[in-house]
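J.: Chain by chain, the residues run as shown.
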Amino acid sequence: MKNIDSRTHVRGESVYLDDIPLIQGTLFGAAFGSPIAHGIIKTLDLSAAAAMPGVVKIFTYEDVTGENQIGGIVPDEPLLAEHHVHFCGMPIAFVVAETDDEARAAVKRITVEIEPLPVITDPREAYAQGEFIIRPRTHKLGETTTAWSQCTHIFEGRADTNGQEHLYIETQGAYAIPQENNAIKLYSSTQGPTAVQRAVARSSGLHMHQIDVDVTRLGGGFGGKEDQANMWAALCALAAHVLHKPVKYALNRMEDMAMTGKRHPYSSDFKIGLDNDLNILAYEATFYQNAGASADLSPAVMERTLFHCTSTYFIPNVTATAYSCRTHLPPNTAFRGFGGPQGMFVIEAAITKAAESLGIDASVIQAKNLNKTGDEFAYGQKAVSEAHACWNKANELYDLEAIRDNIAKFNSVNLLYKKGLALMPICFGISFTNTRMNQARALVHVYTDGSVGVSTGAVEMGQGVNTKMLQVAAHVLSIQPDRVKLQTTSTYRIANTSPSAASATADLNGKAVQMACTEIVRRLKVVAAGELNVSAEEIFLKDEWVYANGERTDWNWNQLVMEAFTKRVSLSEHAHYATPDIHYDASEEKGHPFTYHVYGTAIVDVTIDCLRGTYEMESVKVVHDFGVSMNPLIDRGQIEGGIVQGLGWMTMEEIVFDQAGRLRSNALSTYKVPDIYSVPKEIAIEPLKTEQDNLAIFRSKAVGEPPLMYGIGAYFALRNAVRAFNPMATIPFDAPMTPEKLLLALYQSPTAPHPMPSANGETEVAQHLAVNS
Amino acid sequence: MIKFILNNKNVSTSLPPGTPVLDFVRYRKQLMGTKIGCREGDCGACTVLVGDLNEGELRYRTATSCLMPLGNAHGKHIVTVEGINMSDLNPIQQAMSDESATQCGFCTPGFVMSLAGFCLSKKAPTVQNSIAAIDGNICRCTGYKSIKRAAARVANLLAQRSEGTPIQFAVEQEILPAYFSNIQERLQALSLSLNGELGNDNPLAQRVGGGTDLYVQKHDEIKDASIQFLFDDADLKGIRQDGNQCIIGPASTVTDLIESAVMQTYFPDFKLYTKLVSSTPIRNMATVGGNFINASPIGDFTIFFLALDATLTLSNGVTERELPLRDLYLGYKTLDKQSAEYLKQIRFELPNVTTRFNFEKVSKRTHLDIASVNSAIKLTVEGDVITSVTLSAGGVAPIPKRLFKTEEFLTGQFVTEEMIMEATSVAQSEISPISDARGTEAYKRLLLSQLIKAHFIRLFPELNVEQLLVIS
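Protein chains in written order, with the numbering used here: chain X, 4 to 776; chain E, 9 to 480.
Take the hints with a grain of salt, since some may be wrong.
Covered stretches of chain X, going by a simulated chain E footprint (3 or more residues, C-beta under 8 Å) [said to hold, decoys possible]: (1) 12 to 24; (2) 64 to 74; (3) 630 to 639; (4) 681 to 687; (5) 738 to 744.
If you are wondering where the hints come from, they were derived from the structure by calculation, not from laboratory data.
This one's a predicted model, so the numbers in the text were calculated from it and none came from an experiment.
Built from N, CA and C at the ideal position, the CB exists for glycine as well.
Bound conformation, chain E alone (with noise of 0.2 Å):
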């Protein structure tokens, strides 16, 4: 039996946990004001807050409920639009219903939990900060005008925020239900009474992570199938730093990344570079792990810890070894992974004061999006000259891509503008993008070419851009 609690509800259920939390809550709990829109993540309609005990203490972050199996929900607080419902309508609902933020208003309650997620996040109350809230919701009608000025008013909501958790703040300010209050400790005492419902011995069991991925490519398959859960898995969670090592549990999500210190402190710009990555719902779902074992050719995060040349620790349960992230990928979706063999581990050497590193995404749509290329880059330079280059590049390939001969020839070179220009036709040599729905060949070509000289005038300001754009 799965158990969480349901807006204010302990359930149980004996559905398959590979069900999604959208068609429980829809078509078992008749809870519609949860909308269907694309059953990919893609749009929103779906969101729902999942609150779960860190370290104790009560945190809700936002999900897609579409691409979220039951069994991720177990012994969590799963709240739908109606669990947000008061007699009158709550201080976000308020805004969106003031500003006009809501035409045909079926996307509507999605924007409305995502703010509500915002609302019980301690993301300091900008406007900015609310809007970003939202990126993972799509409205077709309004042209978000209006629903960035709601989103303004429940910023200035928070603004008196100080003392207290948010989650006190929001229910003594009546922005959310009285019946949150006590949710930390009705989770608590339904943590008591878990007792290993979701382990499986099975194993072929299909193993799911966040589920972002896997439930966008076999929706049908997986909901009946056998699953070992992944997710909430202590060992496989964590970020910590261990010497110049950067140690991070599989199961740590993107949100986990973001709002680690480790990788705050070394990655000034991991905000800059993540907001390019999906939506928050999503990057609160996916999980490291899964972005590298789902060996899309432009995963994101496999692109950027290729260029940090990750390590990995493969466990088949008895024993373990080492492999290095680059060494993964065999061809399109093969990996060198036995099926019995799961992420156990991923480390990398973080950075140095000489090291410096770029991420670069382009997509069809800046936000939200797949890449048509994307790239990251490790470098160090000692006196001009590159000592040691990491470079590597998605979509341009079967697989995520180590530019290995771009890599060779910038080795010992020094920084020019020619140098560039030179290195972007080694990495032509060594790509083979297809043309397919993000880009033509043509197009995936001079792409990487640009993001390499982006790379390059992001670490070398002081490089003559002219130089680097020119028409050939």
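Okay, chain X solo, but in the shape it has when bound (with noise of 0.2 Å):
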């Protein structure tokens, strides 16, 4: 089944923040964000911005109706900078005037005079300085201490992962409309409309049963707009709960761009023990997370690095530790993958560090220690594994060693250019890492002509979850799936919802939608066994007829439906659904966080142009543990996708901060994601066929972060390539490879000192970059 949102996509018709018509009186928001990125406020003068046309009034911390702080997990965060500020682009006032014009043209007038302090980027700066969000937290699995003795090969090193930036090509705004007794109707690009309605009720001084945040749809979010969608939400809140008028805020791309955090940066020290036969023995490592000046989620994130340190691999010693840093960048925040691809990244710098200085391929360490089904996790869980499965399936169907030889023969011959392969298996946690965030509510009405609308808590960004949840509801209801419209997500119709991330939208809200209908249907039988005189047990519904014993019978959907109106009896179901089986003692570091896990293998190969230090992706081939399917058009875009975004983190997309935190890469013309020309030249997915029960819905498992982490063979395949040209490089684990990277390593000399992993990606910027030259 198609996207049901495709037609009015390729129309232009379907509605997104910025396009909902106005209600007369509207007015326009700004934010103005400090210029500096850690200092403290000594004056800032209004004066000159009030006096701008249009202005209505500029809202600063003391203007807010109820307590200053958006902090989800730790309230470290005000909506408005009081007298310190932490990032560049912190929000200090909030200009609202009649046009959008009107008050960015005012917040330029705005002038601040901050004292400025001492700026930290850089994570092991911060951790130097004891700066640290929260306690920093230790997995650990059998004694690492003891089994570095028991190995024949040890090696260390450091390995860094630069930022991401989200780039939705919706910048994200919010849209707040007063209603009578102070209640607020709010629109928002948000995956997370609980978390907006707790962040204005806070903010705004109300009650959560006052503010009805109204999702239609995202253009794009990939977690930049889980929490960090609050903000906007709140500042547009309060000003129209104080000016009692719709107020609008819409970032433009730079706002955006420069307010907003990324993915996290990790700085990460690894030790990596072997025995003879290439098993891995022990593994540390020490995890800098670059968390930006507050918590946002960064503690969560940490938390899943650490669940995802070890990959796919089992490794019977393991302590990894993780610090969460406290600098002076936006505040990072989920990104697809939430943590997971940073920890990854890391034991495949060890692999490939071992490899390398054994002088074998790294593949055969990996395949060598695959984790199997009931191998532990250093948290706990025991596996139930895909690994060799999709490993396996993947190295023939693809034909691994012809692949191989290719690229040997091309290499043997080919100076100008050289090819590059790797492998890289995934094995990715499904569930919110925070147990009690795993449930979801789903609201089924069936209206007396047939027609059924859904609502639920989850929000459509294009990951196609609305689909599916017309597809749970229109195959438990036995009807076409053209009478079940998803309703918009709504604070006033589902309550408490978690927010649309960690790939388990779909699970747990689809089960809901299961548990609903399935209600509704249980009660229409009822109704149909008393009109045909037949036990409930022997009606079935079926392509919208009525079957009794197994016969059709004369009673339709719409029949049936109205009849059950007309017994009084209810067409409607709220249901609860809480995922089983799932719980962590974080106090133990152990427990069963995980629904299932989702597995993956993927050969990357490309080409490098070893003249110019460009690349090209040859191709991306995939076996995939899709359990089964429950629509694969939408899952096919789901890891075409995410293997591009990750390809994009481990490429070309470069966060570029200088030394004073300001963000360099502010624009589409320096901050660059894949275009049509950069993805690969094929993609191969093919599934893994499974026998095996899981709890997703419909044995359909997560999609939407797994596929990401295939991009991260992109990096070690490039690394390949330049080795084939350059064997004595020494070629610092440093993502992304930019062609920048690449044309250094490539022509780097075996005398010459390699130059150390910049901090977060940051190379010394001259001052005077202009935007566009």
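Now that you have both chains on their own, put them together as the hints suggest.
T.: In structure tokens:
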């Protein structure tokens, strides 16, 4: 089934935040962000701005009617800065004016005097200074300290990954419309309507039941609108609450890029030990997470890094410690993979380091150490593993040996171009690691004309969750899909939702829809049984007809629904689903946090231009563990999109902050995401057929995040291609592999010391960088 | 009043002519299918079609409406996605839908419009050309594979096209609505009713060509500025050969260059070079003169024409003077040009049989990106000896740079691997790159040396590559 929104999408008729018809009298907001990354506000002069045409009011922290606080996990994020500023772009004031242009013009007239304080952009520096968001955490299995003595080979190193800008094409935004009795109707481009509702209630001083957050769809989210939509919603709601006028703020691209957090950069140390047979016996890792200026979701992201620190490998002795380090960057946040990719990069770097040192291919070590069903993860859960099945099938199906031979032949005769290959096996845990978030509700109404409205807590952002919800409802009710409409996601209809995140949205909300529809079907069967004088067990509904004892009756869906209404039987149901069997004890760092894992293996091959340092992605060939896909069209799109986003993170996407904490890659002209020519020439996706049951909706495993990690293979493939040209190059594990790093590695002299990996990818940047030159 | 046809309606507006078409269609006409993604022409979410009469014939090109002032829409046909909607999905939309080439949907109307532009163009209906038509559209969801599949289906739609214009074919096949068949007449009628609405006597008026750089740099100021529009000035258009000279009107767009017979004849690889320059909608809008005058140290065409040693004619409306392009740049974004002066003509000597030419560009993303370093070279060889050479490089100095010292070194030399390696050292002595978001100084230095080697490897295939790719 195609995405149910595709018709309005291709016609330009789908409604996003900025497309909502305006109510007369709507005012427009614009935030004034700190020009300095760290300092004390001495004076804030709003007079010139306030005198600008059209300006209605300029809000500062003093105007906040509730608590000046929007932090989710940790209350450390003011809505508007009071005396301290902690990152460049941190909102200090919020201008509200009659037009969008007037609001932005006024923002430019605000002046602020800030006494600068030292700026930290490097998580290792923050670590050295004891700047932590939360306590460090350690995952431990076996005993690494004693295991080292059993290792034949021990290697140590460092690995760095830069951040990643979400670059949802629709920027952040909100539109708040005051209602009677201080209630607020709030349109927000958010993955987490409840998070927005909570932040608004707290900062405006209202109750949650006064705030209806309503979301039709997002123009992309990728994690960037999980918690970071709160700020703009809270500012608009505050202004609407105080001024009693509708207030809208749709960020422009530069505001969005400068003011919002990104994927967390990590700097990590690793130590890996192997025995004679290349079994990994011990692994130690220390992760320095660059959290930015406040917690946001960093503690949860850090936790997921630990959960994925051994990726798909079984290692009997593991000690992994993570520090969430406070720096003066915008608060980094959720991004597809949520810390998992960062952890997985480090174990791949460790394996690669071992392989290169031993003069073997990394895949030898990878294959040897893939986990098996029953193997224990460092956090205590036992694997139900498809790792070997995916790996072996990929090797055979795509004829890995032939690919290798071709590459070797190509490299032996070509000097200007070299090819490189890497395998990337993945294993990704599905569930919110915060156990209490693994619940969802659905509200299903059957109307008397036989049409069906479904509300859930899921937010549609392109991942096709509404299509899947519709499939569930139509399947369980056994009616035509066009009878079902997915309603907007509203906090008035569905309360206390978890954000659409963690790849778990379709599972959680889908199960709730399934339960609600099943209950309605049960009632309808009773009605039918009464009319047909049979027992309810003998009734079933199929393709809009009532069957009794296997025979089709002359009762159809519409008649049955009307009869139920006439009999005063409820045609509505609100169902609640809570994932069974999951638990986690953070004090012991043991438990069963994930409902299941998703496995897969990708073979990535690339070609580099040894003269110019540029590269092309040849192919990504995948065997992926779908369970049984309930929507192959949508799931294929998720895999292709995830792979390309992962490739982007590993190759051209380079976030650049200068030493003063100012974002230099602050526009699409300076931050490059993959375009149509930079994607792999071929992406092949083969499902792994599995028989065993799982807890996914219709056994269709979550597909949102896992494929992103296939992209990590691109980094190692490029590295291998460089080494085919310059075998002596010592290349730091420092992603992304930009054309710059690649060219410098190609021509790195064996005698020259190799450059240290730059902290969060930072390069020293000249002050007079022009936007477009 | 600015007058144009918007979809199926004639519209006129008294808004400032510097207002972006994007704002007009979204916020004045409530045509919300045209999306705002970046406002700098880099995402394509706001792509529209622009139809105008070119030598009497209706022609459509795509444009990013965020960078297009209303003044450049005057007298034309502007088409948003609403203007190509029919009661059923048109075949382009059907292909996008069938291939699941839309996920969040925000970029989708832009892709649909770019493909519509392809259907209306005279480009051969190949899959490659269909994909090239969407080279200016960014999608963050799909990974493009499904979009490529849709683009291939669109190319197939056009396979039967033979007689008649692309517009006729698109209407007959119900790819686009029937009203397109009357647009040529309606534009002719409209043009008769126009009467110098864009005239501007203000000597200090901001001159705007395609707007593709100005609207990025000065987005806020330019909307209400006093503007003199150059884009449709017939005196500033045209690419022609005059003896061994090529004469270019500075308002010629990059697409005009690509389509010109002169450039195709004398630069057989021109399409390869220009594929590295911006994207289809930007190439449709950006003018050669604008590329020179915006004075970016890495303007691709500045570098290209520096190596051709182009000469400019500058006019202040009363008197004219000639200035070699190499002398235009005095310092970072400062020009040897009076504010009253404007660029009237560009000319350069066409290559002859002994001339070899090459253009190189490396950027973080190979396509739709600004160069880290770019370079062009023109040289003549007689009897294995370089008799003349011009070499330019961008991104290595505050101005687009002619590498005079390197040229001097190269002149009179035999082309050998050792000589080329030495030339790269000479080049290092005359550049001063800075570290910025496009690369560190060390990288730009290395890259320039590599691009100089690349010039020679392309122009002298007999060279021993191994000796040029040594790791020092």
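J.: Now tell me if each hint is right for this structure.
T.: Hint by hint, here is what the structure shows:
{"no.": "1", "hint": "12 to 24", "result": "holds (count 11)"}
{"no.": "2", "hint": "64 to 74", "result": "violated (count 0)"}
{"no.": "3", "hint": "630 to 639", "result": "holds (count 3)"}
{"no.": "4", "hint": "681 to 687", "result": "holds (count 3)"}
{"no.": "5", "hint": "738 to 744", "result": "holds (count 3)"}
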